[in-house]
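Undergrad: Residues per chain are reported as follows:
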Amino acid sequence: MNEIKNTVVNRPICLLLGALGGQGGGVLIDWLVNAAKRAGYPAQATSTPGVAQRTGATTYYFELFPEKNPVGSPIFTFFPASDDLDLMIAMEPTEAGRAIERGFVTDFTTVITTTERVYSTSEKVSAGDGRINVVPVIETIEKASKKLIQLDVTALSVGTAARGNAIAFGAVIGSGILPLTPQDCRAAITEKGVAVASNLAGFDIGLKAAQEGVQPIQLEDSHTYQKAPKEFDAEISVFPKTAHDIISHGIVRLIDYQGPTYARKFLKRIKKIGDIDKDQTKKLTSETARHLARWMSFEDVIRVAQLKTRPQRLPRIRDELKVDSTTPLKLTDYFKPGRDEVLGVIPKSLSWLVPSLNKGVALHIPTGSAFGFAMLKFLSALKPLRARTNQYIEEQKAIDQWLDAVIEANSRNYYLACQTANLAILARGYGDVRKTGMKKLDLLFMDWGKNLENNLSGITAQVDQLILLAHSNPDAV
Amino acid sequence: MDGGTALARITNTGERSFKNEIQKLTLGAGEEFHGEGILAVTKAILQSGVTYVGGYPGAPMSHLIDVLADASEEILEPMGITYEQAASEAGAAALLSASIHYPIRGAVTWKSVVGTNVASDALSNLASTGVTGGSLIILGDDYGEGSSIMQERTYTFAMKSSIPLVDPRYDMERMVDLTEQCFGISEASNMPVFLNMRIRACHLTGSFTAKDNKVAHFNSNNPIPEQKYDVTKIVLPPASYQHEIAKFETRLPAAENYAKENKINEFFDGSQENKKIGIITQGGTYTVVMRALHRLGSADAYGNSDVEIYCMNLVYPLIQSELIDFMANKDSILVVEEGNPNYIETQIAEIAHTNQIKCRIHGKGMLPMAGEYVSNVVREGIAQYLAEEGPAKISKLALDKNAKIVEKTRNAQSHLADPMPPRPPSFCTGCPERPIMAALKMLMKERGKFHISMDIGCNLFGSLPPFNVGNTVLGYGLSLASSGAIGPVLDQPNVAVMGDGGFWHNGFTSGVVNSQWNKYDSVLVILDNGYAAATGQHKLPSTGTTPRGLESLLSIESALKGVGVKWIKHVDSYSLENTIDVLRQAMDARSEGLRVVISNNECMLAKQRRIKPAKAADLKAGKTVIHEKFGVDEEVCTGDHSCMRLSGCPSLTLKQSKDPLKETPVAHVDESCVACGNCGEVAHAAQLCPSFYKAEAIQNAGIIRKFTSSVNRSLLSLMGSD
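Same order as they appear, the protein sequences are chains P and B.
For the first sequence, our numbering begins at 1 and goes up steadily by one.
For the second sequence, our numbering begins at 1 and goes up steadily by one.
Quick caveat, the hints were computed from the structure, so don't treat them as lab data.
Note that the coordinates shown come from a computational prediction; the quantities given were computed from them, not determined experimentally.
Among these hints, one or two may not hold up.
[As the list claims (entries may be wrong)] List time: in silico EDC-like cross-link candidates among lysine to aspartate or glutamate, alpha-carbon distance up to 20 Å:
1) K260/B to E249/B
2) K441/B to D432/P
3) K655/B to E320/P
4) K322/P to D618/B
5) K408/B to E320/P
6) K662/B to D129/P
7) K658/B to D256/P
So here's chain P without its partners, still in its complex pose (with noise of 0.2 Å):
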């Protein structure tokens, strides 16, 4: 006859692991599993990698009886369950955020989370900006557990070959839940034999990370505005204090893509906003002069050029391969100017000499040679025939009839002009994607004045919608 036992020990403790398939998850698990059998204490770990191990998210589950050689054998399970979890680590912050949504994180469970998103298809495939923002993540995860443990991987193990798992590992044994030793655990590693020294140098970060509750720096993605040179001062001064950052940021843009004189170019149409702009927001002038200025520096050859052979280019490229300033480096740009892109660099009166090129010419330019750098050397300075080469004229000739439209539905109503500001958006990329935008606003604009007079919502709802498809996924709609 069984009598229900009341030990002290009465429930193993349960460890739920979120990960993406090659985040080394099975490998924390193992260590996990044999750091337990070493110190004598009964556990269990399983996973359902399945296909899942090909870039999905995945999950491992661990139980351990924290008591060495307990009276009976304990029983062991395979699922975690809503309010049982003592731990839950996410190798990504949306994979706790997971792990909430399906009802296993409690004000019981721990969770240790790394901070830095890794992007899904979903985010990465919206035209505008689809991304998820972590920080009301993190603070979800936060509210639900009983405690978060942040581990800015990129961060802690700077300077090493620490990976974020061998970290997570020692934040699990710093987190003080699980009865193991940072010996028992060392030991482990050692004995996996998988990058030992990289993961024992790992494991020691997350430990101290998690003892000493490091806080993770949130560094903010902020805009970095420049400062434009003094001569533009008053100019500037004329127009709202809100507009002065983005307006200063324009005319730096400006002078580097052809010259002051283009900067005040730049000026003179941005003030023809800002003396409509009655709104004391003053978004409209502010708004569109982002949208000006981006416009006006629109990628031609000669500006591609130019970007590619920005000094520091190189040594930045040598800082992603980690390689030092002597080691030889081979350079290929990838670039396929079809017909217009190539009439872009040549002026108007001669474009029936260039052949169609519907397909466009592939050219790989070793960039890092002095022989391809000085070919986009030389193109980029072919800046001052920019004023008569044809992708110049259509493109400022679509820019005025954009400003017309904004002021022209700004004498309707402000939310319109705004939104008509923001319809620039459609005036970006390269080759099709650009000609398709650019032919939506023409179209748009054709009859403007008309259309708003006889159908002011009818129009308001096409911008918008406009507008949302451009911060959307083409695919899905």
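With chain P's structure known, arrange chain B on it following the hints.
TA: Below, chain B without anything else, positioned relative to chain P:
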């Protein structure tokens, strides 16, 4: 040519090295085994004196196949055990015919239910004939979370072919005993036996005390003296009618008796004052039930419970007498039966009815009709059962504890604002199948959408975002066969995508031969990456070597030519524009019968597993190593993410731009990039943008290279490069 690539491929086996595992399989009597569930079962087979083992890989069974392949020299050959990784599950099942006449034991394995579907022809015949030697079929049940297949029950196969089905309780010691006893059941009943292993059980870790491996009396080192002939073993009338009678009059009852005598199923007592309720569970869900009872206050952490449990490790056939005893004096029972239809519950109800047992039988009424019986689900169901049928004390406790859990969970969830992003499996970084999907998507933009039949394997990810190409999937190797009826009624030719795994499994006969015979106007795209990659880099006839490392040069192209396919073109999938061009030609060559496009690029996981360590070694040894990576010039990227919609590469991701003029994040290539070149090719082929660049650092360069590069550098700095 694909013969050539096959040769060029590596000849080392599987996804990992299995040295440790093999050591565990050689443990002797009294030594402690510690490892994964599926390895424990493998050890149990060796302890049972088998003469042959075989199977077809597929999660969660792959490990068994891999380890045995590696173990053949060290373990199998000395024991005279024949090993075969069959070309399909049907082939693996056919191995069991060895045990029809002869007293030799054998075990085969595959993924259920998909593999069992393929094997059914052989299984039905085997089950009719019956076996002399113990025959075990180990099924990896891929049901529930993370499953890559349709959700069905193996139980149906057991019932229709009268094959005893064992669903073991997951205590490793017990699991190993039960595996060995399966051979006993088989020999007692003259039937093959299913051992059903849930995916989580295959991957669970645990320990048991090993026995010595047992060498079978008859084996390849000690052959059977003479072959046997017995017409009653042939599935033809009148024998087949005798077989059917035998199944129900002698074989299944024999299985039942053996199980009863050997206590295969287990009774766990409840507390004295609580004899009126009980729970019947499959062995596989026992620990879930016990955890639920524990959390509801009716059991402790060791499985001592207030509630009586009948744990069925043999779930088919049912052991009538045991069930009658269990139900006899009870007011009610709860049957915890995962999956649907609820065959067990209905059989129990029928037993109760025919034996006039007045015992209320609960089951699917309190538990969900379908879906995996995870802890939360079972806890809810048992809470309801205890509340309705349990004595006051137990029922109150269960209700309170369950309510508290539910409330705390809701509170936690209430903090969630937006849903988390979905994260389905996809192509790995640098996967050679990715550019093919990009090519198909771009071709659709060019000529309108056409119908694509996908196949089983990694290629199926092409039907997910960002590609969304692929309209149907009907089974392993069946993509081309799926063209038959849909092709003629669509304006564009039907495209069938198939991996080399699918080709050899079923695609050649059911697909290529069929399409040649029935004159399909179809395009077959074969993704010959060298392995059954989705199951974990398993060898195929065209890989170049067998699982045991022997040379094998079966060639996809020769097979195609052999059945008269004329239009065959090879592509390097990474040269995107060429790939698109060849696919276009294939689409347009409508008068030329079946057109086959083969991409020969090796699975990138396999490739990286080989070259990463090699590069590291070379770097250490001071040899010249090229460290390459793609990148994006932030200033050039305009942030419309067209490249992402044609790639989906994990290493191609988003990055916040510092530029206030950019309202959307820019593209960024992270460190996991393996420089396959796809992003640059996509940018070219789709004329997207000039943001992408390829960077190659030549480490440990030779003197001359160093010199030219320093000259180059000084020229560059003259032009203001730094």
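Undergrad: If any of the earlier hints don't hold here, list their numbers in rising order.
TA: 5
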